[in-house]
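Chemist: So you can see what is in the structure, the chains are spelled out below.
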Amino acid sequence: MMALDWWTLGLQTLNVLVLLWLLSRFLLQPIAAIIAARQQSASHLLDDAATAKDEAQQIREAAEQARAEANRQRTAALQKAERDADLARRRRLQEADAEIERRRQQAQEALNTEQQMLQTAIEARAGHLALAIADRLMQRLPDSARVEGFIDGLVEGLESLPAETRRSLAQADAVLRLKAPRPLTGTEHSSCMAALRRAIKIPLEPQVIVDPTLIAGLELETEHAMVRNSLRADLARLQTEISPHDIEQS
Amino acid sequence: MTESPLLTPVLFHAGPIPISGAVVVTWLLIAVMTATSWALTRHLSLRPGKAQCILELFVETLDNQIRDTMQVPPEPYRALIGTLFLYILAANWSSLIPGIEPPTAHLETDIVLAMIVLLASIGYGMATRGIGGYLRTFAEPSWVMIPLNLVEQLTRTFSLIVRLFGNVMSGVFVLGITLSLAGLLVPIPFMALDLLTGAIQAYIFSVLAMVFLGAAIEAHPLPEPLKHKEP
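In order, the protein sequences belong to chains A and B.
If you read the first sequence in this note's numbering, its first letter stands for residue 1, the second for the next number, and so on.
If you read the second sequence in this note's numbering, its first letter stands for residue 1001, the second for the next number, and so on.
If you're looking for bench data, these hints aren't it; they were derived computationally from the structure.
C-beta atoms are modelled at their ideal positions from N, C-alpha and C, and glycine is treated no differently.
Some clues are possibly wrong.
Partial selection, computed: residues in chain A whose CB lies under 8 Å from chain B [as the list claims (entries may be wrong)]: (1) T8; (2) Q12; (3) T13; (4) V18; (5) L20; (6) L22; (7) L23; (8) S24; (9) F26; (10) A32; (11) I35; (12) L118; (13) A121; (14) I122.
Footprint (simulated), chain A over chain B, 3 or more residues, beta carbon under 8 Å [as the list claims (entries may be wrong)]: (15) 1026 to 1032; (16) 1037 to 1048; (17) 1082 to 1088; (18) 1106 to 1112; (19) 1166 to 1180; (20) 1186 to 1199.
Just chain A, with the same shape it has in the complex (with noise of 0.2 Å):
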């Protein structure tokens, strides 16, 4: 026979709530909770391991960039040190370039200036040794040849001259001073005056002065007018006509 003992179906009502409370309080919920805490625990830590890996991604964008424009940095100065060492380069060649052209043109004009000092000497010794020349070839002439062969160019000179300066000539006060290569003997005196004479139409009575530079020939000079007629003159002229070019090409 079954019968149900209502006390114990209390009593045991009773006992089950409280081991459900109690199994609840002392075992269910603190695993689940320390289960909880460690899902929530590697989720942080996951978390925090994104964080760090995105930290070390802006870290290691942050140290490529900085390298980049360390690299542009380094590429700009690098060009600018290129450019400027071209700028300095090019104008240390200018500045050579005009010393050297400096130089050269004051070489060039100490080499003109020496050349022609050189021509002047050259022409000088030239003229020099032309008369010395012209001296010992008349020495071989007879000495009246020094003076009698010029009486006919010293007409001739004086008559090229202007007709106001013969005029000049031939006035009282005019002062003629007649150079001859040596002393004159009397009938190339007599011959000198008789062609000044007929060039002037007057008589003349100039004053003869001896000046053995003039080789040969016959020279009369005044305030106004001088007559060149001698080796001496011609010699002159001539080196003064014949350029250095025509000596080099003879």
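Place chain B on chain A using the hints.
Modeler: Using the frame of chain A, we list chain B on its own:
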């Protein structure tokens, strides 16, 4: 074991209240289970030891079972289902201790457990659907089904009682008969069979409780992240 298993022997009286063996054994189980739980969960840490791993494995398995069976988050039902399973298992296995008669071998304890499941299904159903919504479930699929649905509530509760009571009581009864007829070692296979039967009955009772609760709240399928939630 000469007394009828259908009777509940009274050990002593506390005043006017008769205290049966099932109640005393239940008190002992409560004390042991509470003390063990307190001892095991005193020093829980994020880096678990072996005991904590076993406990967490049990809770995770329980949660997964609730999630798979009821298709709902397991937190509101974990305490009820877990307590039912642990108490029935401990009660069934208490028969291995000489002189101890399992509380589940007495009808009062099984009635209490089944009634708790019935009331819990009603309570969770009303909390989830509302009173009107829960009552309307008795008229599904048609109002003609109202008597049958009411009878179903009673019969499945009764089936819970009878299934647990019959299996445990029969095991105790067979073990008593065997002990009275044979020697010391002969009942050992039956005791091992009792272990298996006790564990299976605890699991079946818990699963059926989950099924009844799930039917009462008419759970919908969980989204994938919750359904396959792993520890």
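Chemist: A separate judgement is required for each hint: does it hold in the structure or not?
Modeler: Hint check results:
no., hint, result
1, T8, "4 Å, holds"
2, Q12, "4 Å, holds"
3, T13, "5 Å, holds"
4, V18, "7 Å, holds"
5, L20, "4 Å, holds"
6, L22, "5 Å, holds"
7, L23, "5 Å, holds"
8, S24, "4 Å, holds"
9, F26, "4 Å, holds"
10, A32, "6 Å, holds"
11, I35, "6 Å, holds"
12, L118, "113 Å, violated"
13, A121, "118 Å, violated"
14, I122, "119 Å, violated"
15, 1026 to 1032, "holds (count 4)"
16, 1037 to 1048, "holds (count 8)"
17, 1082 to 1088, "holds (count 4)"
18, 1106 to 1112, "holds (count 6)"
19, 1166 to 1180, "violated (count 0)"
20, 1186 to 1199, "violated (count 0)"
The structure does not agree with the numbered hints 12, 13, 14, 19, 20 stated previously, though it agrees with the rest.
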